[in-house]
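Undergrad: With the hints as a guide, bring both chains together as one complex.
So the protein sequences, as listed, match chains A and B. Everything in the first sequence is counted per the working numbering, starting at 1 for the first residue and increasing by one. Everything in the second sequence is counted per the working numbering, starting at 1 for the first residue and increasing by one.
Accuracy of the hints is not assured; some may be wrong.
Claimed, not checked - Simulated pairs of lysine-lysine, DSSO-like, Cα-Cα distance not exceeding 27 Å:
no., chain 1, residue 1, chain 2, residue 2
1, A, Lys-229, A, Lys-98
2, B, Lys-81, B, Lys-104
3, A, Lys-93, A, Lys-117
4, A, Lys-192, A, Lys-93
5, A, Lys-279, A, Lys-229
6, A, Lys-192, B, Lys-95
7, A, Lys-229, B, Lys-81
8, A, Lys-192, B, Lys-104
9, A, Lys-117, A, Lys-98
These are calculated hints, taken from the structure and not from any lab test. Model, not experiment: these values are computed from the prediction.
In case you want the letters, here they are:
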Amino acid sequence: MSQSPTQMQDISAGLVNLVASSAPSLVSVSSAQSRSSGFVWRPELIITADEALSEDGEFTVTLGNGDAAAARLVGRDPTTDIAMLRVDQTNLKPIPQKAVTVQAGALVIAMGAEDGKPTVALGVVSRSTEPWRSLRGGEIDARIELDLRLRQSAEGGPVLDAAGRFIGMAVFGPRRRVLVIPSSTIERVATKLESHGYIARGYLGLGLQPIAIEDNGGSGAMVMSVDPKGPGALVGIHQGDILVAWNDEPIPHLRSLLRVLGPDSVGETVTVELRRAGKTQQIPLTIAERPRA
Amino acid sequence: MIKQASAHAIRLRLDITDAALVDRLVAVLAGVPGLRLVGADEVADAALVLPTTATALDGDVPLSPREFEVLSLLAEGASNKEIARRLNISVHTAKFHVGSLLDKLDAVGRTDAVAHAARLGVLNL
Chain A
1 MSQSPTQMQD ISAGLVNLVA SSAPSLVSVS SAQSRSSGFV WRPELIITAD
51 EALSEDGEFT VTLGNGDAAA ARLVGRDPTT DIAMLRVDQT NLKPIPQKAV
101 TVQAGALVIA MGAEDGKPTV ALGVVSRSTE PWRSLRGGEI DARIELDLRL
151 RQSAEGGPVL DAAGRFIGMA VFGPRRRVLV IPSSTIERVA TKLESHGYIA
201 RGYLGLGLQP IAIEDNGGSG AMVMSVDPKG PGALVGIHQG DILVAWNDEP
251 IPHLRSLLRV LGPDSVGETV TVELRRAGKT QQIPLTIAER PRA
Chain B
1 MIKQASAHAI RLRLDITDAA LVDRLVAVLA GVPGLRLVGA DEVADAALVL
51 PTTATALDGD VPLSPREFEV LSLLAEGASN KEIARRLNIS VHTAKFHVGS
101 LLDKLDAVGR TDAVAHAARL GVLNL
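Bound conformation, chain B alone (with noise of 0.2 Å):
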């Protein structure tokens, strides 16, 4: 196979198999100037992995998605106020999904949940 070789660009590669996350991160980054995308069995400067492979972690605990969603905006300081607009549901559910995440996440020990927001994916800084 015969590839344009950009000799500056940044190679990355996708370490994922849910294809529709793949579809999107694809959506997103291949229109990025100055990196391309490469396939499995190329050369790759950097990956792009699950955030649970990233950092897999001990004893981890399985959240919905809602709670991961819950957990990063956690990690970025939001409020349960924040929460309930940036998810578009009621400050009374925001605080139901705050406390059983807070209750899980003490069950296995890692109240350090900036650790597992961390590994979830985007946090915006």
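The following block holds chain A by itself, in its conformation from the complex (with noise of 0.2 Å):
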């Protein structure tokens, strides 16, 4: 009984030709302890992942020819778990992007390298819905989980789809299960990183306290310490002051505060109210960027 073997040959062959192809825009980054994976995104450029990028140190890239590169970091962004490092390697096969949608159930591949060499798991793709935000507040296109076992090294390791199209980058996300960071993002951010270094966030230069107020049934911040150098330092608002609104609308918790302090909130005038000694005033404030540790 011959039950399609020439069926998974077919898969296999087209495996193979998948990895086979990719391989050139593959590399292996190593930094300190870490050894883990990345890819070309454009000439010179390397994306992988920042989590598994040492924090200091020098960073080498492995080919797949097995030279190993001084690598140099462009930028990072860990609310994204995107780094960019760049290397003097004009020769190298940048990965074919396109916008791709993946539903849950696709075949895909996560490839990782070790010594410059492809390593391989294959596995579907488990859950592909909205948008969501990280832990540290960066924008995910969108919330892309495989079915993987993934090896530590393979992490920041490009994702393709069975017709060989590029998902995103593979990371770890809670309990080590594999998270795609989508190709969309990692365009929009990679493009900022090469041009600025990293992602700006917007500041108030303000300690603030989420409170209910009583008279109105709503909820507020109360200001509880003020950075002498920060935009709210700079029109006068005080320790002890209660933002009640902001361009209007209601705060009804910090964290839609968090939400319009994005990376292009800066350098936007917003108008916030606040209640001082009883009384409620509106006050312009222009948002800074956040200074970088």
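TA: Spelled out as structure tokens, the structure:
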């Protein structure tokens, strides 16, 4: 009984081809005690997982031919887990990039590299849903989880669908589940990292504590501390003031403030309504850039 | 009891049972102009409550004080390195706390940790 042995062979040969055609875009990344993977995003530019990259020290990228090249850090964004390195190698082949959406159930391969040579895992997309915010407040365009076991060294490597299209970068989520940082998120963040070296974040220079306001049944944020150099101090916000509205919108949670302090908020002028000494006043405030630690 | 009526001061009540925390809050807030701390049975314009009472969430997971600190810093977008520096711990330890926090929050389906952090208390925004 021949139960389609040729189909199995086709799948297998297809996978081998997929790996072979993507291998030139793969690199292994080493830093301090960490080994991870990355891929060529643009000529000379490597994308890898921020979490897997050590904080300091030297970074080395190993290419498919086994050559090791010193890499310089271009920028990193812990909120989306994306880091960018530059190598002085003009002959690297960028991974083909096109916006791709994947559905749950789709077959994918997650590729990594050890000493520049590909490592591969096969699995399915176990979840592909709406955009989400990371623990650190990064905007990630889709929640994509994979049902496969990723080796540690493959963190930061590319994930491809059955047609060989680049879906995103494999990283570890909670309980070592494998998440994909989607290609569209990488494109957006990497473009900024290339030009600025980091992702800016809005800053008020205020230490805020959520409080309930009894007379209107609402809530606000009490100013517990003021950074003397921050934009809040600049417009005369004091300790003890209570922020009750932001551009005429109430402030139900501090997280609603976190949301409006994203990368694009820097330089924007907003109107904050605050209560001081029983009186309400409106104050225009220009959002600054959060100082970089 | 006679108290000077300060017409425009915000009357703030501390609905907090932790005496040490109350002491610290009083120390911070007592000298603030335009703000008057009032007792439990007095009329207040606003009340300070413990974050857990402010937005109690279902299926909450107990976190250690250290994890709370890490969570607040995460909500401010801090990197592992910044967390390490701010808490005076190693980057390795910071990473460990972040990882265990993620796992705990995931276990109760609350990966939107910003919601958690926002009820913890002061965030530097």
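Undergrad: Hint by hint, which ones does this structure get wrong, listed from lowest number up?
TA: Checked against the structure, the hints that fail are numbers 1 and 8, while the rest are satisfied.
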